[in-house]
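Q: Chain residues, written in single-letter form:
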Amino acid sequence: MAFFLETLLGGLMAGMLYSLVALGFVLIYKASGVFNFAQGAMVLFAALAMARFAEWIPAWTGITSPVAANLIAFGIAGFLMFVVAWIIERLVLRHLVNQEGTTLLMATLGISYFLDGMGQTIFGSDIYKIDVGMPKEPIMAFEQMFEGGILINKEDLYAALIAAVLVAALSLFFQKTATGRALRAVADDHQAAQSIGIPLNRIWVIVWCVAGVVALVAGMIWGSKLGVQFSLTTVALRALPVVILGGLTSVPGAIVGGLIIGVGEKLSEVFLGPYVGGGIEIWFAYVLALLFLLVRPQGLFGEKIIDRV
Amino acid sequence: MSTATPAAVAPIGAKKKIGEVILEVKNISLGFGGVKALTDISFDVREHEVRAIIGPNGAGKSSMLNCINGVYTPQQGSISFRGQTFKHMNSHQVAVMGIGRTFQNLALFKGMSVLDNIMSGRNLKIKSNLLMQALRIGPAEREEIMHREAVERIIDFLEIQAFRKTPVGQLPYGLQKRVDLGRALAMEPKVLLLDEPMAGMNVEEKQDMCRFVLDVNDEFGTTIVLIEHDMGVVMDISDRVVVLDYGKKIGDGTPEEVRNNPDVISAYLGTSH
Chain A
1 MAFFLETLLG
11 GLMAGMLYSL
21 VALGFVLIYK
31 ASGVFNFAQG
41 AMVLFAALAM
51 ARFAEWIPAW
61 TGITSPVAAN
71 LIAFGIAGFL
81 MFVVAWIIER
91 LVLRHLVNQE
101 GTTLLMATLG
111 ISYFLDGMGQ
121 TIFGSDIYKI
131 DVGMPKEPIM
141 AFEQMFEGGI
151 LINKEDLYAA
161 LIAAVLVAAL
171 SLFFQKTATG
181 RALRAVADDH
191 QAAQSIGIPL
201 NRIWVIVWCV
211 AGVVALVAGM
221 IWGSKLGVQF
231 SLTTVALRAL
241 PVVILGGLTS
251 VPGAIVGGLI
261 IGVGEKLSEV
271 FLGPYVGGGI
281 EIWFAYVLAL
291 LFLLVRPQGL
301 FGEKIIDRV
Chain B
1 MSTATPAAVA
11 PIGAKKKIGE
21 VILEVKNISL
31 GFGGVKALTD
41 ISFDVREHEV
51 RAIIGPNGAG
61 KSSMLNCING
71 VYTPQQGSIS
81 FRGQTFKHMN
91 SHQVAVMGIG
101 RTFQNLALFK
111 GMSVLDNIMS
121 GRNLKIKSNL
131 LMQALRIGPA
141 EREEIMHREA
151 VERIIDFLEI
161 QAFRKTPVGQ
171 LPYGLQKRVD
181 LGRALAMEPK
191 VLLLDEPMAG
201 MNVEEKQDMC
211 RFVLDVNDEF
221 GTTIVLIEHD
231 MGVVMDISDR
241 VVVLDYGKKI
251 GDGTPEEVRN
261 NPDVISAYLG
271 TSH
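Protein chains in written order, with our numbering: chain A, 1 to 309; chain B, 1 to 273.
Certain hints may be false.
Unchecked claim - Short, incomplete list of chain B residues facing chain A, as computed with Cβ under 10 Å:
1. 69
2. 99
3. 102
4. 106
5. 110
6. 121
7. 130
8. 143
Unchecked claim - Some residues of chain B that are not near chain A, with every Cβ distance over 10 Å (derived):
9. 21
10. 39
11. 73
12. 80
13. 88
14. 219
15. 231
16. 261
I should point out that these hints are in silico values taken from the structure, not numbers from a laboratory. Built from N, CA and C at the ideal position, the CB exists for glycine as well.
Using the sequences plus the hints, can you model the full thing?
A: What follows is the structure, given as C-alpha cells:
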C-alpha cells in the first residue's frame, strides 16, 4: 500500500510538470487556433536564456547572491520571451490572419527551427545547469501510518507546487480580469471579438507572451532536473499525449490530462512493467493517446467537433 | 407579409429628432474575383434614424454592411462617418470610431456566460491596464464595478435577467439574438448595424425584437442601420429604406415611396413579360 501510494504521488508530481508544458499548447491553440509546434523550442530558448544569464550576471555585475542572480536572470528571460512573442506576431501571425490551419502549423514549425538555432547561436550549445536552489534530498512522510513511511522527492514536490500555483494564477487571470475575458472572447470567435473592438494583434502578443512565460517556468524546472540541453525540446513531445487526452481547447483538460498521464506512466511501469519486460514508461502515454483518438478524438474536455457537410 | 406590427407597442417619432447625415456611403463597388457583389452604391444615414437595407437573397445586403464594418474593403468608393472619410479600415478601428454590429449567423462567445458576453462589449471602455487588473488594484476594481452596472442596465433592458450566468450556447435562438444585441449595445455605439436581427424568429420573437430595436433608437438615440428580409417588419419600423437587387441600388426613400416603386415591386414579385 505504501509503495502504491509512493508511486501514485510520484506520478502526480511528474504529471503536474507535463500539464505545465501542455498548458502552453492549449493557451495558444485556444486564442489563435494554431497548434504551436514551437512550444518545445520556446521551452529550450527560455531555459537557455535563464541558465546563461544566471551564469553571466555574477560575472558582469559582481552580484554574488545566487538568489538575486537567479531572479534577475528569470526577469531577463521573461522579457526575452515577451520580445519573442512580439516578433512572432509582427513578422508571422499578422500576415497569416484567416489562413488555413495547415499554413499556420507550418509557420510554427518554421518558428520552432528558427528559435532552436537562434537560441543556441546566442547562448551556446553545451549542456548548462540551472540551479535555483531546489532541495535534492528526499523526505519521509506518513511514517506513523506505514512502516518505513513514503519517500517523496522534495525537488519534484516543489516543482509540482510551482506548477500548481502558476496554473491557478492563470485560471484566475482568465476568469476574473477584463483582459482574460477578451482572451476568451478571441478564442471563441475572432470576427465577433474584433467587431466589439478587441484588438486581435494585442491579444496574440499577450497570449504568446503568457505561453512564453509558461515555457520559461517549464524550462526552468525541467532544466534544473535534466540540465539545459537540446533534448529539452522533446519535453514538449511528452506533453503531446496530454493535450490529446485533455483536449486542445481546455485548460482544466491540460491539467487533468497531465495528471492522468503522469500517474499512468508510473503505475504501468511499476505494476505492468515486470510482465512485459519493462520500459513501458516511454511509450505508455502515446498508446493511451492513440486509444483516446479512436474513442474520443476531442479529448476529455475538448469541444465536440461538429462539421457541417 | 405584414407579420409584426410593433408600431402599436412602441409609437415611433414621439421624441425622436432626426439630425444631420452621420454616415455616408459613396459609389461603393465590391467584387470577389469575377463576381460583382456591389456596384456603385451610394446612400446616407442620418443621425437618430432607423435606416433599412432590403433586397432579395444575394442582393448584396450583408456585403454592404460588411463594407461599413470594415470586414471587406471595397475596390472603389469611400465611406465617411461623422465627417471622417475612410477607405481601408478593419473591424477593430471601426469599433473604436463608434460603430457596433450584430451578426446574421450569431457570432457569440458560446462558452462564456451571458454576463461575460455583454461585459466583453465594454472592452473599449476599459482603461485600467493589464497589471492593474491582474493585481486587482483599486481603480481597476472600481472600473469593473462601474462597467458591471452599465451591463446590468442592458440586461434589464433586454429582459434577460434570469439568464445572466447561463453559457449562451445553451440559450434558445431568440434569446441568443438578444444577447448579440446586448453585446453591441454595451459598446454604446453611435451607429448600430443589425444584420437580419429577426431572421429565423417566430412572430412573437420578432415583435419583441422590433420593440427592442425601436426602444434602443428612442431611449439611447442610437442610429440604426438594419438589414431585413421581412418586408412587413421593415416598413413598420424604419424611417427610410434602401433597396438593393443584384448588387445595385434600385430604390431609396420612405417606406411608402419604396413600396410604390415599380422597380422594387418587380424585384420582389417578378415582372410579367
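Q: If a hint holds in the structure, say so; if it does not, say that too.
A: A quick look at each hint next to the structure:
Interface hint status for residue 69 of chain B: upheld, as the beta-carbon distance to the closest one in chain A is roughly 7 Å, under 10 Å. With a cut of 10 Å, the hint placing residue 99 of chain B at the interface with chain A holds, because the nearest CB-to-CB distance is about 9 Å. Checking residue 102 of chain B against chain A: minimum C-beta separation of about 9 Å stays under 10 Å; hint holds. Because the beta carbon of residue 106 of chain B sits about 9 Å from the nearest beta carbon in chain A, less than 10 Å, this interface hint is met.
With 10 Å as the threshold, the beta carbon of residue 110 of chain B comes within range of chain A, its nearest partner Cβ sitting at about 6 Å, so the hint holds. Contact between residue 121 of chain B and chain A, as hinted, is supported at the beta carbon level, the nearest pair being about 5 Å apart and thus within 10 Å. Taking 10 Å as the C-beta cut-off, the interface hint given for residue 130 of chain B holds, the closest approach to chain A being about 5 Å. A least Cβ separation of about 8 Å between residue 143 of chain B and chain A falls short of the 10 Å threshold, and the interface hint therefore holds.
With a least beta-carbon separation of about 23 Å from chain A, residue 21 of chain B lies farther than 10 Å from that chain, consistent with its non-interface assignment. The Cβ of residue 39 of chain B sits about 25 Å from the closest Cβ of chain A, beyond the 10 Å cut-off, so the non-interface label holds. Distance to chain A confirms residue 73 of chain B as a non-interface residue, since its nearest Cβ pair spans about 13 Å, more than 10 Å. For residue 80 of chain B, the requirement that its beta carbon stay farther than 10 Å from each beta carbon of chain A is met, with the minimum near 20 Å.
With a least CB separation of 15 Å from chain A, residue 88 of chain B remains clear of the 10 Å interface cut-off, as annotated. Even its closest Cβ contact with chain A, about 21 Å, leaves residue 219 of chain B beyond 10 Å, as expected for a residue assigned away from the interface. Non-interface status of residue 231 of chain B relative to chain A is upheld: no Cβ of that chain comes within 10 Å, the nearest being about 27 Å off. For residue 261 of chain B, the shortest C-beta to C-beta distance to chain A comes to about 32 Å, beyond the 10 Å cut-off, and the non-interface label holds.
Consistency with the previously given hints is maintained throughout, with no hint failing.
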